[in-house]
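Numbering-wise (the working numbering), the sequence shown opens with residue 6 and increments by one.
The set of hints was computed from the structure by calculation and includes no laboratory data.
Among the hints, a few may not be true.
What the hints assert, rightly or not - Calculated pairs, DSS-like style, for lysine-lysine (alpha carbon to alpha carbon, straight line, at most 25 Å): (1) K54 - K64; (2) K54 - K157; (3) K155 - K54; (4) K157 - K64; (5) K155 - K64.
What the hints assert, rightly or not - Simulated restraints on C-beta separations: (6) I87 - Q60: 29 to 39 Å; (7) D183 - A107: 21 to 31 Å; (8) D183 - Q283: 48 to 58 Å; (9) N274 - D142: 41 to 51 Å.
These numbers were taken from a predicted model, which means no experiment stands behind them.
Ideal placement from N, C-alpha and C gives every residue a C-beta, glycine not left out.
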Amino acid sequence: MLPLALIPLVIGGITNYSINQKRARTESSQALQNQALLARGAVTNSLDKEISFAQVFVKNPLILDKVRRDRALAATEGLSDIPEESLEARFTNSRQLAPNPAFNSYLEQAATLRNFAEIIVTEAGGFNVGYSAVPSDFVQAGEAWWEGAKSKNVWFGDPAYDDSTGQSGVDFSQAIRDPNNNEFLGVVKFFITDLNFGQLSQYLADAGLQGSQRVQLLAPQAQSVLANFSDQGAELAQTPDSLDLIGGDTINEIAQRMAQVSQENQPLNALELQNQWQRDLPIQNLRIATSDGGRGWNDSGPKFRPDL
6 MLPLALIPLV IGGITNYSIN QKRARTESSQ ALQNQALLAR GAVTNSLDKE ISFAQVFVKN
66 PLILDKVRRD RALAATEGLS DIPEESLEAR FTNSRQLAPN PAFNSYLEQA ATLRNFAEII
126 VTEAGGFNVG YSAVPSDFVQ AGEAWWEGAK SKNVWFGDPA YDDSTGQSGV DFSQAIRDPN
186 NNEFLGVVKF FITDLNFGQL SQYLADAGLQ GSQRVQLLAP QAQSVLANFS DQGAELAQTP
246 DSLDLIGGDT INEIAQRMAQ VSQENQPLNA LELQNQWQRD LPIQNLRIAT SDGGRGWNDS
306 GPKFRPDL
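Based on the provided sequences and hints, a complete structural model is requested.
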């Protein structure tokens, strides 16, 4: 189960989906809803596992020792008083405060083991102390993922295609804190790729996904499809535009609206939304349901079945 504070982010950005079925009138809507729940649950479970991994990772003595030593080095050299542009120029070759190939190799192995496209570790000032692959910047303070983890301890970004790694996925960052006094020591960022969701294809096949049925994982804010699932297996995005959204602009608009209302964390009036969206959009027989009966938003979130 994801922490409650993360649920709106996960619902709003990561597990919005569309289910398109050309033979909708002859297929079971209950089966579609079950497949949708399965898709959401599988993704949520995957992210839950990564949170658990991150919580153990940031307590690793190797990580703690490195960020402590490099924070002391940054303080000794007065790096916090130097303009960011000067720091980027100074560390343009290594993009690392104190180069340590063995530490980077450890991060690279961890990334490979977990199917992460990227791991970046920073000390308390936001300066890189290690990475699985050379990042584009030395200073990470000011980045949304860094500031989010520092202030909230855990941060998830919107799912998107990442040009630097050439993969689709989601940024996830976790604060590094002293186990003894909870002092902030730094931040670690992971880029979770769609490879982590590969097991979903088999789950959906076992649940009866067949024929023209499709499940798509969407990134509504980026207006892109991260993955397609059918009875033939999974197809992952290779570029931001490599996969077509079934249902086009209409489905994308519904996904964005779902993201918006889910983030509001208010009781859901499914019937009111159905009527309003059918008036606004070229869609018929829209069905919206929540596993909690419409009393609010939970980890299962809203499901919809449109007939275009």
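- Item | Hint check, failures only | Hint check: nothing fails, all pass.
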